[in-house]
Amino acid sequence: MSEPPTARHEPRRAGPVGRDPVRRGPWKALTAVVRCPVCRDALEVAERALRCPRRHTFDIARQGYVSLLSGGKRTVNADSAAMVQARTAFLEAGHYAPLTEALARLSAFLGLPGGGAGGERREGGGEGGSEGAEGRVVLDAGAGTGHYLAAVLEALPDSVGLALDASPYALRRAARAHPRAGAASWDVWRPFPVRDNCVDLVLNVFAPRNGGEFHRVLRPRGVLLVVTPTERHLGELRGRLGLLEVDPDKEERLERALSGHFVRERAEALEYTVELSPQEVENLAAMGPAARHVAPEELQARVAGLGGPVRVTVSFGLAVYRAA
Numbered sequence: 001m002s003e004p005p006t007a008r009h010e011p012r013r014a015g016p017v018g019r020d021p022v023r024r025g026p027w028k029a030l031t032a033v034v035r036c037p038v039c040r041d042a043l044e045v046a047e048r049a050l051r052c053p054r055r056h057t058f059d060i061a062r063q064g065y066v067s068l069l070s071g072g073k074r075t076v077n078a079d080s081a082a083m084v085q086a087r088t089a090f091l092e093a094g095h096y097a098p099l100t101e102a103l104a105r106l107s108a109f110l111g112l113p114g115g116g117a118g119g120e121r122r123e124g125g126g127e128g129g130s131e132g133a134e135g136r137v138v139l140d141a142g143a144g145t146g147h148y149l150a151a152v153l154e155a156l157p158d159s160v161g162l163a164l165d166a167s168p169y170a171l172r173r174a175a176r177a178h179p180r181a182g183a184a185s186w187d188v189w190r191p192f193p194v195r196d197n198c199v200d201l202v203l204n205v206f207a208p209r210n211g212g213e214f215h216r217v218l219r220p221r222g223v224l225l226v227v228t229p230t231e232r233h234l235g236e237l238r239g240r241l242g243l244l245e246v247d248p249d250k251e252e253r254l255e256r257a258l259s260g261h262f263v264r265e266r267a268e269a270l271e272y273t274v275e276l277s278p279q280e281v282e283n284l285a286a287m288g289p290a291a292r293h294v295a296p297e298e299l300q301a302r303v304a305g306l307g308g309p310v311r312v313t314v315s316f317g318l319a320v321y322r323a324a
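Per UniProt numbering: the sequence shown = residues 1 to 324.
Derived by calculation from the structure, the hints in this document are not laboratory data.
Positions of the beta carbon are idealized from the N, C-alpha and C atoms, including for glycine.
Fair warning: there could be bad hints in the mix.
Now the in silico label distances, taken between C-beta atoms and shown as ranges [as the list claims (entries may be wrong)]:
no., residue 1, residue 2, range
1, Arg238, Ala269, 11 to 21 Å
2, Arg190, Pro220, 16 to 26 Å
3, Gln300, Arg55, 18 to 28 Å
4, Ser80, Gly111, 14 to 24 Å
5, Ala324, Glu251, 16 to 26 Å
6, Pro309, Arg190, 38 to 48 Å
7, Arg55, Ala301, 50 to 60 Å
8, Gly260, Glu44, 26 to 36 Å
9, Glu92, Pro53, 36 to 46 Å
10, Arg232, Pro208, 15 to 25 Å
11, Pro289, Glu92, 15 to 25 Å
Generate the whole structure from the sequences, applying the supplied hints.
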C-alpha cells in the first residue's frame, strides 16, 4: 500500500511525551477507535502527533485536528474558508436550532449498545484494541464544523465523538466544538481510518453516505442517524437565488446506498419557517453548494433583489437506521 504524504516515519525516542496538551483532550480515548490509514495498525498519542508502531506519524495541527488525509490537500468539494464562516454565522443565529435539538433528542433515546471499542488487538494488524474507549462512541461523517456532533455529545454524557471532514477550515472549528470531540481530516468516500465494530452511533447530516463503511465501523445493532433536506426545503429561495434543487429521487438513492447494510427503524419530518434578513439569506446560500456555482458578487445582487426580510421554509427528513 502506498504511503500518504502526510504520514512520515520518525526515529524512536526514549523518554516520556512530556507536557503535551493533546493528552488532556479526547484523543487518548479516541486511539481505541482510530487506526493508521497506511497500515491499519493502532495509533497512539505521541507529542503533537498520532503514531502507530510502524512509526507512521500524523501531525496534530495547532488548531487541534489530526491530519490523516493523504497529502493534507483539500478535496474538490471540501468547504472553503468563506463557506465555513458563512455556515458558522448562520448556525450560531439559531435558525437550525430545532434540527439540532431533534438530533440530540433522538440520540438520547436510541438505546445505543455502548461499551467501548470492540475486538482484540492483533499483532501487527491493529484492528481492535485491548483497551476500549470509555462510554459510547459517536462518529460524525462529514461533520463540518462539528455543530451537530457537539449537541449529540451533550445529550450523551458518557460519550466521545470523532468528526471526519475534508475541509481544514471546518476541522479547525470541529476540533473545538466540544471537549469530548476529536477531529480528523478525511474523505468520507474512502475507507475510514476507524476500527471495525467500535462505533455506537454514526451521524450523517447533509453529507455523502458511505453505507459499507458506516456498517463496518458500527457495532452490531449500532445506529445510523441520517438527515436530508426535503423538496420543500428553502423553496422560496431556490429559483430566485439559483440554489441547487433537491433531487426528487433523493430518498430512493438513500435507500439504495444503505440497502443490505441497514434496516430503517423510524423516520420523522421536521418543517418550520424562519424569517431571514438579507445578510442571513446570503450566509445561507454561501454556506452550501451554491457557493461553488454562483459568484459572490452575483449572489449579493440576487439577495439584494429580494428586498427586506424573507420568510423561508425549512424542511428536513430524519431517519434512524439499525445495522442489519
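Right, here's what the structure says about each hint:
For the hinted restraint 11 to 21 Å between Arg238 and Ala269, the CB-CB distance of approximately 19 Å keeps it satisfied. For Arg190 and Pro220, the hinted distance range of 16 to 26 Å is satisfied, since their beta carbons lie about 24 Å from each other. A hinted range of 18 to 28 Å is violated for the C-beta pair Gln300 and Arg55, which are about 50 Å apart. A hinted range of 14 to 24 Å is violated for the C-beta pair Ser80 and Gly111, which are about 39 Å apart.
Taken as a hint, the range 16 to 26 Å holds for the pair Ala324 and Glu251, whose Cβ atoms sit roughly 19 Å apart. One distance hint, 38 to 48 Å for the beta-carbon pair Pro309 and Arg190, holds here, with the actual separation near 42 Å. For Arg55 and Ala301, the hinted distance range of 50 to 60 Å is satisfied, since their beta carbons lie about 54 Å from each other. With their beta carbons about 35 Å apart, Gly260 and Glu44 fall inside the hinted range of 26 to 36 Å.
One distance hint, 36 to 46 Å for the beta-carbon pair Glu92 and Pro53, holds here, with the actual separation near 42 Å. With their beta carbons about 22 Å apart, Arg232 and Pro208 fall inside the hinted range of 15 to 25 Å. For the hinted restraint 15 to 25 Å between Pro289 and Glu92, the CB-CB distance of approximately 21 Å keeps it satisfied.
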